[in-house]
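Q: Given next are the chains, with one letter for each unit.
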Amino acid sequence: MRSVLAIAEAELKRFNADKSNIFFVFIFPLALVFLLGSQFTPSGTAGTVAVTGPESGLRVALIEQMETAGLEVTLTDEDGMRRQVARGTADVGVTIPESAAEDFAAGTDFALELVSASQSDAVAVAQLVRDATAAATLREGQVIALRGAGIDSDADIVRALERAEDSVAPARLVVRNQSGLAREFRGLGQFDLTASTTLLLFTFLTALTGAVTLIQARRDGVVKRIMASPVSATQAIAGQGLGRLAIALFQGLYIMLASWLIFGVSWGDPVAASVLLLVFSLVAAGVSMIVGVLVDNESLGLGLGIGASLVVGAIGGAMVPLEFFSDTMRRVAHFTPHAWGYEAFAELQRRSGGLFDILPELGVLLAMAVVTLALGSWLLRRSLERAM
Amino acid sequence: MTNLSKLLAMVRYDLRQRLTDGSVLAFAVVVPLALMWVMDVVFSDATDVELQPITVAVATPADDQLAAVIPEVLRAVSADGELQIEVREVTPTEVPDLVADGSAGMGVVVPPDFSTALIAGDGPEVEVTIGDNTGIMDQIVGSVVRATLAQLTAGTQAATAGVELGVSPDQLAALGQAVVDEAPQVQWREGQAASEQLGFQESIVAGQAGMFLLFTVGFGVLAMVREREQGTMARLLSMPMPPWLVTAAKGAVSFLLGLISMTVLLTAGSVLFDGVDFGAPVAVGVLILLVVAATTSLMFIITKVARTAEQAGIAQSIVAVVLGMSGGAFFQINATGLVGTILALNPVKAFIDGLGVTSGGGRVGDLGTVALILGAFTALCLVCAWLLPDRKDAL
Numbered sequence: 001m002r003s004v005l006a007i008a009e010a011e012l013k014r015f016n017a018d019k020s021n022i023f024f025v026f027i028f029p030l031a032l033v034f035l036l037g038s039q040f041t042p043s044g045t046a047g048t049v050a051v052t053g054p055e056s057g058l059r060v061a062l063i064e065q066m067e068t069a070g071l072e073v074t075l076t077d078e079d080g081m082r083r084q085v086a087r088g089t090a091d092v093g094v095t096i097p098e099s100a101a102e103d104f105a106a107g108t109d110f111a112l113e114l115v116s117a118s119q120s121d122a123v124a125v126a127q128l129v130r131d132a133t134a135a136a137t138l139r140e141g142q143v144i145a146l147r148g149a150g151i152d153s154d155a156d157i158v159r160a161l162e163r164a165e166d167s168v169a170p171a172r173l174v175v176r177n178q179s180g181l182a183r184e185f186r187g188l189g190q191f192d193l194t195a196s197t198t199l200l201l202f203t204f205l206t207a208l209t210g211a212v213t214l215i216q217a218r219r220d221g222v223v224k225r226i227m228a229s230p231v232s233a234t235q236a237i238a239g240q241g242l243g244r245l246a247i248a249l250f251q252g253l254y255i256m257l258a259s260w261l262i263f264g265v266s267w268g269d270p271v272a273a274s275v276l277l278l279v280f281s282l283v284a285a286g287v288s289m290i291v292g293v294l295v296d297n298e299s300l301g302l303g304l305g306i307g308a309s310l311v312v313g314a315i316g317g318a319m320v321p322l323e324f325f326s327d328t329m330r331r332v333a334h335f336t337p338h339a340w341g342y343e344a345f346a347e348l349q350r351r352s353g354g355l356f357d358i359l360p361e362l363g364v365l366l367a368m369a370v371v372t373l374a375l376g377s378w379l380l381r382r383s384l385e386r387a388m
Numbered sequence: 389m390t391n392l393s394k395l396l397a398m399v400r401y402d403l404r405q406r407l408t409d410g411s412v413l414a415f416a417v418v419v420p421l422a423l424m425w426v427m428d429v430v431f432s433d434a435t436d437v438e439l440q441p442i443t444v445a446v447a448t449p450a451d452d453q454l455a456a457v458i459p460e461v462l463r464a465v466s467a468d469g470e471l472q473i474e475v476r477e478v479t480p481t482e483v484p485d486l487v488a489d490g491s492a493g494m495g496v497v498v499p500p501d502f503s504t505a506l507i508a509g510d511g512p513e514v515e516v517t518i519g520d521n522t523g524i525m526d527q528i529v530g531s532v533v534r535a536t537l538a539q540l541t542a543g544t545q546a547a548t549a550g551v552e553l554g555v556s557p558d559q560l561a562a563l564g565q566a567v568v569d570e571a572p573q574v575q576w577r578e579g580q581a582a583s584e585q586l587g588f589q590e591s592i593v594a595g596q597a598g599m600f601l602l603f604t605v606g607f608g609v610l611a612m613v614r615e616r617e618q619g620t621m622a623r624l625l626s627m628p629m630p631p632w633l634v635t636a637a638k639g640a641v642s643f644l645l646g647l648i649s650m651t652v653l654l655t656a657g658s659v660l661f662d663g664v665d666f667g668a669p670v671a672v673g674v675l676i677l678l679v680v681a682a683t684t685s686l687m688f689i690i691t692k693v694a695r696t697a698e699q700a701g702i703a704q705s706i707v708a709v710v711l712g713m714s715g716g717a718f719f720q721i722n723a724t725g726l727v728g729t730i731l732a733l734n735p736v737k738a739f740i741d742g743l744g745v746t747s748g749g750g751r752v753g754d755l756g757t758v759a760l761i762l763g764a765f766t767a768l769c770l771v772c773a774w775l776l777p778d779r780k781d782a783l
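Residue numbers (the numbering used here), protein chains in the order written: chain A, 1 to 388; chain B, 389 to 783.
The set of hints was computed from the structure by calculation and includes no laboratory data.
The structure presented is a predicted model; accordingly, all values stated were derived computationally and were not measured.
Mixed in with the good hints, there may be bad ones.
[Unchecked claim] Coverage of chain B stretches by chain A, computed from C-beta distances (three or more under 8 Å per stretch; other residues unrestricted):
#	segment
1	409 to 418
2	501 to 513
[Stated by the list, open to error] A few chain A residues that don't get close to chain B, going by computed Cβ distances all over 10 Å:
#	residue
3	K13
4	A238
5	F250
6	Y254
7	W260
8	G264
9	R350
10	S352
11	A367
12	T372
Just so it is clear, CB atoms sit at the ideal spot from N, CA and C, and this is done for glycine as well.
Using the sequences plus the hints, can you model the full thing?
A: Shown next as structure tokens:
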């Protein structure tokens with residue numbers, strides 16, 4: 001057993017000696033959690049609007065109403081507005097001409113220009129903008145209506161309306177989102193989902209790119225030297241397998257701990273989460289062994305490792321949540337270990353599940369681990385026999 | 389043997405070596421194409437936002453004139469144009485079931501005594517329930533209901549102010565409607581902006597091609613670092629030819645590999661995926677030349693900075709991933725202001741923006757800003773590489 005541990009330790013040391021890991025193992029995953037998590041806000045914007053026009057009461061009123069409606073507003077010039085809409089940076093652009101501002105101040109009808117981007121959700125944002133603009137004109141409507149009712153003093157009207165605003169609370173809209181998606185993601189912290197998907201993506205990716213150390217070891221004759229020492233083939237294979245597992249576990253545990261400490265990510269039951277990470281890492285270790293034996297070229301191994309990890313991760317829900325997949329794609333996703341890991345973390349993080357609740361997912365992952373590790377070991381044994 | 393023939397001989401030899409190298413094929417063609425396909429299959433469902441017809445179950449208290457305005461306004465919105473909203477007036481107890489079983493996409497429940505509560509200043513709450521598969525219609529319906537409530541509130545406040553100001557009771561009743569009728573009306577003029585936005589599939593193809601280009605061009609120039617380590621660079625420099633020829637040959641290999649990769653990826657993307665059309669081939673060709681030049685020039689800086697092939701590989705990977713992801717290889721980062729300006733200077737982002745121009749019908753002459761960014765990026769990188777110490781003689 002000491003020999004096995006010594007080989008595994010040497011593998012982990014070789015992996016940590018690679019300076020690129022400072023970026024790809026320690027910095028990049030957390031940057032991704034932060035970047036993607038920042039966009040996962042329960043009170044996300046309803047859309048973006050680029051507004052252009054000189055400073056005026058109309059502009060202030062419009063922006064205030066748009067922001068109340070949950071729109072993100074940027075002020076820019078005419079060219080900037082059109083550029084933002086053309087490139088989709090803004091869903092909708094609004095031009096407030098000087099004449100419109102003057103008409104609004106005079107309490108008369110006014111004309112605005114609305115430019116919609118080509119994306120389909122721009123229609124919804126345009127409706128929000130129209131409704132917000134209508135709301136901005138209501139105060140003027142109140143004043144004109146009271147004037148029409150025979151009140152001559154504007155000062156009296158304004159004072160009376162201010163008191164009425166204080167005494168008449170507005171009718172409010174309460175939105176209850178009962179859609180399956182909303183129910184599924186309810187209770188998740190801002191960074192919880194992206195942290196778990198990043199963990200799945202990077203644990204697998206790091207394990208697969210770690211296959212390069214196995215390719216190097218075979219190429220540089222390290223494997224031959226190991227076989228020349230008093231170590232059996234079984235011990236050498238177990239050591240290599242444990243080395244891959246150590247690399248995957250190292251990455252996963254780092255993301256788990258760092259995201260918990262920095263972003264307050266909730267991983268649910270710690271025992272269940274740890275077991276899940278261990279079993280998922282076993283699958284990754286098995287695949288890493290297969291790549292490490294089948295590929296002889298380091299660059300090709302690295303390319304295949306990165307490419308396969310990204311492709312399998314995307315299919316398995318590590319880039320876009322599985323809940324957004326079609327039924328067919330969701331069935332396809334479950335051929336990947338990521339999808340089972342995703343479902344298990346969903347149970348732990350969203351529904352406070354425990355070890356027993358994720359037994360089906362653990363069972364499937366364990367079966368995958370047995371198959372990949374057995375195949376990896378068989379391939380490595382064949383390679384060792386050739387080395388001898 | 390002229391310098392040109394020596395250059396061509398080196399390029400031919402290096403190019404043959406690279407093209408038969410499996411790792412070049414993996415980074416330049418196989419992996420990006422595989423990612424394009426997977427992202428297309430997986431993400432197209434997630435980004436498919438449609439403006440679909442919706443049924444809204446609305447429950448209003450009987451004989452409540454103010455509450456009755458809400459279903460009326462929803463019907464009026466539907467009658468106006470492209471939005472299709474079917475309003476079903478039901479009882480409050482029916483709403484949750486209709487939304488739950490999918491008979492209605494949304495439910496609106498106006499509480500009993502809505503008008504009384506509003507006039508009394510109690511701020512009644514109207515409950516909107518969102519069901520499954522509403523797309524973006526839930527935002528639209530929610531906005532319409534919210535705007536209607538704002539109008540009803542404004543009318544009630546005007547009536548309250550009218551009472552204080554001594555408006556006669558027969559005029560008070562009409563005051564609420566007058567607020568809406570007399571408010572300045574907005575005439576919306578539909579403006580136009582050039583379409584410089586790539587479609588979903590086009591973004592995937594352009595983004596992946598741009599990111600993996602940064603890996604592909606490294607196979608030529610960064611080979612200089614490996615040759616320095618192996619000692620073959622010293623042998624090359626001792627040959628009877630100017631040292632700059634070696635650098636030029638490596639640069640040409642990178643440039644050609646980049647051209648081949650981009651041409652294959654964009655052509656394959658256009659053929660394999662629906663709705664991918666980057667526009668005029670000449671303009672797209674100019675863009676490819678510019679972005680390949682920009683990314684190749686960046687590799688010269690890495691060659692100067694990196695001491696070993698391992699360091700060069702690390703730097704290249706970091707640059708590729710950071711520029712690729714911030715440039716929009718996986719998702720668009722919609723930033724404005726200073727951050728937006730910095731992002732626009734990224735060659736991958738400039739390339740995607742340029743393809744947006746060409747896909748919208750733009751020609752070579754319309755690529756001004758993008759061409760300027762890519763040209764300036766290339767010049768800046770080459771100057772930096774020239775000025776950086778270490779191996780100045782090789783450049």
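Q: Please settle this one: A/W260 was flagged as non-interface, so is its CB more than 10 Å from every CB on chain B?
A: Label holds. Min Cβ-Cβ 24 Å, cutoff 10 Å.
Q: Just checking, A/S352 versus chain B, shortest CB gap more than 10 Å?
A: holds (24 Å)
Q: Can you tell me if the segment 501 to 513 of chain B counts as covered by chain A, using C-beta to C-beta distances under 8 Å and a minimum of three residues?
A: Coverage by chain A holds here, the residue count being 8 at a Cβ distance below 8 Å.
Q: Should the label of A/G264 as a non-interface residue stand, given a Cβ cut-off of 10 Å to chain B?
A: holds (24 Å)
Q: Does the no-contact call for A/A367 survive, Cβ to all of chain B over 10 Å?
A: A/A367 is indeed farther than 10 Å from all Cβ atoms of chain B, at 24 Å.
Q: Would you say the segment 409 to 418 of chain B counts as covered by chain A, given the rule of at least 3 residues with C-beta under 8 Å?
A: Holds: 6 residues of the segment 409 to 418 of chain B have a Cβ under 8 Å from chain A.
Q: For A/A238, is the shortest beta carbon distance to chain B beyond 10 Å?
A: holds (29 Å)
Q: A/Y254 clear of chain B by more than 10 Å, beta carbon to beta carbon?
A: holds (18 Å)
Q: Minimum Cβ separation between A/F250 and chain B greater than 10 Å?
A: Given that every Cβ of chain B is farther than 10 Å from that of A/F250, nearest at about 19 Å, it holds.
Q: Please verify that the nearest CB of chain B lies beyond 10 Å from A/R350's CB.
A: Given that every Cβ of chain B is farther than 10 Å from that of A/R350, nearest at about 18 Å, it holds.
Q: Mind verifying the non-interface call on A/K13? Its CB should be farther than 10 Å from each CB in chain B.
A: The claim holds: A/K13 sits with its nearest Cβ about 16 Å from chain B, beyond 10 Å.
Q: Compute the least Cβ-Cβ separation between A/T372 and chain B, then decide whether it is above 10 Å.
A: Holds, because the least Cβ-Cβ distance between A/T372 and chain B comes to about 20 Å, which exceeds 10 Å.
Going through the hint list in order, the structure satisfies each hint without exception.
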